[in-house]
Amino acid sequence: LHASVTQGGITKDNQWKKLFFKKDILMKMWRYAVINLLRKQYQQGSLNPCKELGNQSVPYILSKQYDKYWQVHCAKPHNNPKKDLKY
Numbered sequence: 002l003h004a005s006v007t008q009g010g011i012t013k014d015n016q017w018k019k020l021f022f023k024k025d026i027l028m029k030m031w032r033y034a035v036i037n038l039l040r041k042q043y044q045q046g047s048l049n050p051c052k053e054l055g056n057q058s059v060p061y062i063l064s065k066q067y068d069k070y071w072q073v074h075c076a077k078p079h080n081n082p083k084k085d086l087k088y
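Per this note's numbering, residue 2 is the first one in the sequence shown, and the count goes up by one each step.
It should be emphasised that the hints constitute simulated quantities derived from the structure, not laboratory data. Treat each hint with caution, since some may be false.
Unchecked claim - Listed next, the in silico DSS-like pairs over lysine-lysine satisfying Cα-Cα at most 25 Å (straight line):
1) K29 / K65
2) K77 / K29
3) K19 / K29
4) K77 / K65
5) K87 / K41
6) K29 / K13
7) K19 / K77
8) K41 / K65
9) K18 / K87
10) K24 / K77
11) K65 / K83
12) K29 / K69
13) K87 / K29
14) K29 / K83
15) K41 / K77
16) K65 / K18
17) K19 / K65
18) K23 / K69
19) K18 / K84
20) K24 / K69
21) K69 / K19
22) K84 / K19
23) K69 / K18
24) K41 / K83
25) K84 / K41
A quick note: this is a predicted structure, and the numbers were derived from the prediction, not measured.
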């Protein structure tokens, strides 16, 4: 799964506010959110396991994800929005 987000946002008074992310904390929050979403989808019957999972259950596979490092890349901010739009 690949996502690209800004490191800031627009305030109510239309000003740009920078946000600072600690990479390890961001990774843990992102991992929890994705696993939690997949777990809820499975419980609702919206996530169908594929045959490649073998005998492993979806809840087991999801719980094992907490033991893994999920790569999170935080690029340095820059002033070239065209580069981001092209990406």
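The hints, checked one at a time:
Straight-line distance between C-alpha atoms of K29 and K65 comes to about 14 Å, which keeps the hinted pair within the 25 Å bound. The suggested pairing of K77 with K29 holds, with an alpha-carbon distance near 20 Å, which does not exceed 25 Å. Only pairs whose Cα atoms come within 25 Å are accepted, and K19 paired with K29 is accepted, the gap being roughly 21 Å. Using a Cα cut-off of 25 Å, the hinted pair K77 and K65 is violated, with the two alpha carbons roughly 31 Å apart.
A distance of roughly 34 Å separates the Cα atoms of K87 and K41; the hinted pair therefore is violated under the 25 Å criterion. For the hint pairing K29 with K13, the CA-to-CA distance comes to about 29 Å; that exceeds 25 Å, so the pair is violated. Our distance criterion of 25 Å between C-alpha atoms is met by K19 and K77, whose separation comes to about 12 Å. For the hint pairing K41 with K65, the CA-to-CA distance comes to about 16 Å; that is within 25 Å, so the pair holds.
Proximity of K18 to K87 is assessed by CA-CA distance (about 23 Å); at most 25 Å being required, the pair is judged to hold. A threshold of 25 Å between alpha carbons decides the hint, and for K24 with K77 the separation of about 12 Å falls inside it, so the pair holds. Straight-line distance between C-alpha atoms of K65 and K83 comes to about 39 Å, which puts the hinted pair past the 25 Å bound. Distance restraint check for K29 and K69: the Cα-Cα separation of roughly 10 Å lies within the 25 Å cut-off, and the hinted pair is therefore satisfied.
Straight-line distance between C-alpha atoms of K87 and K29 comes to about 29 Å, which puts the hinted pair past the 25 Å bound. Taking the CA atoms of K29 and K83, the gap is about 30 Å. The hint is violated against a cut of 25 Å. Proposed proximity of K41 and K77 is contradicted: the alpha carbons are some 34 Å apart, above 25 Å. With a C-alpha separation of about 36 Å, the suggested pairing of K65 with K18 is violated against the 25 Å cut-off.
For the hint linking K19 to K65, the alpha-carbon distance of about 34 Å lies beyond 25 Å, and the restraint is violated. Of the pairs offered as hints, the one joining K23 and K69 holds, with about 18 Å between alpha carbons and a cut-off of 25 Å not exceeded. As the CA atoms of K18 and K84 are separated by approximately 20 Å, the hinted pair is consistent with the 25 Å bound. Between K24 and K69, the direct Cα distance comes to roughly 15 Å. Compliance with the 25 Å bound is thereby established for this hinted pair.
Restraint check for K69 and K19: the C-alpha separation of about 30 Å exceeds 25 Å, so the hint is violated. Between the alpha carbons of K84 and K19 the distance comes to roughly 19 Å, so the proposed pair stays at or under 25 Å and holds. For the given pair, K69 sits about 32 Å from K18 by alpha-carbon distance, which is inconsistent with the 25 Å threshold. Pair hint K41 plus K83 does not hold up; C-alpha atoms about 37 Å apart against a cutoff of 25 Å.
Proposed proximity of K84 and K41 is contradicted: the alpha carbons are some 36 Å apart, above 25 Å.
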